[in-house]
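Trainee: Please build the complete structure, drawing on both the sequences and the hints.
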Amino acid sequence: MTDNLEKLSKIAIVGDVHDQWEPEDEIALKYLGIDLVLFVGDFGNEAVEVV
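Following this note's numbering, the numbering of the sequence shown begins with 642 at its first residue and continues without gaps.
No lab work stands behind these hints: they were computed from the structure.
For glycine and all other residues, C-beta sits at the position ideal for the given N, C-alpha and C.
Please note that the accuracy of each hint is not assured.
[Claimed, not checked] Using C-beta positions, here's what the derived DEER-type ranges look like:
#1 682 - 646: 32 to 40 Å
#2 648 - 668: 19 to 27 Å
#3 648 - 672: 14 to 22 Å
#4 656 - 676: 12 to 20 Å
Mentor: This is the structure in structure tokens:
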């Protein structure tokens, strides 16, 4: 008999970064065990390095 195990995924939703994304934000997501980050809204006021 095969066990059907469900795997749960953690998803974080981040909106309107606007040049406010910091290295600590990435550290926090890793600490929380986030599997997928969904960025919504406008990302960086034309700041390509943020996007």
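Trainee: Work down the list of hints and note, for each, if the structure agrees.
Mentor: Outcome of the hint check:
1. Checking the proposed 32 to 40 Å range against residue 682 and residue 646 shows it holds: the Cβ atoms sit about 35 Å from each other.
2. About 24 Å separates the C-beta atoms of residue 648 and residue 668, a value consistent with the hinted range of 19 to 27 Å.
3. In this structure the supplied range 14 to 22 Å holds for residue 648 paired with residue 672, their Cβ-Cβ distance being about 20 Å.
4. At roughly 18 Å, the beta carbons of residue 656 and residue 676 sit within the given window of 12 to 20 Å.
Figure legend: structure checked against the earlier numbered hints; every hint is met.
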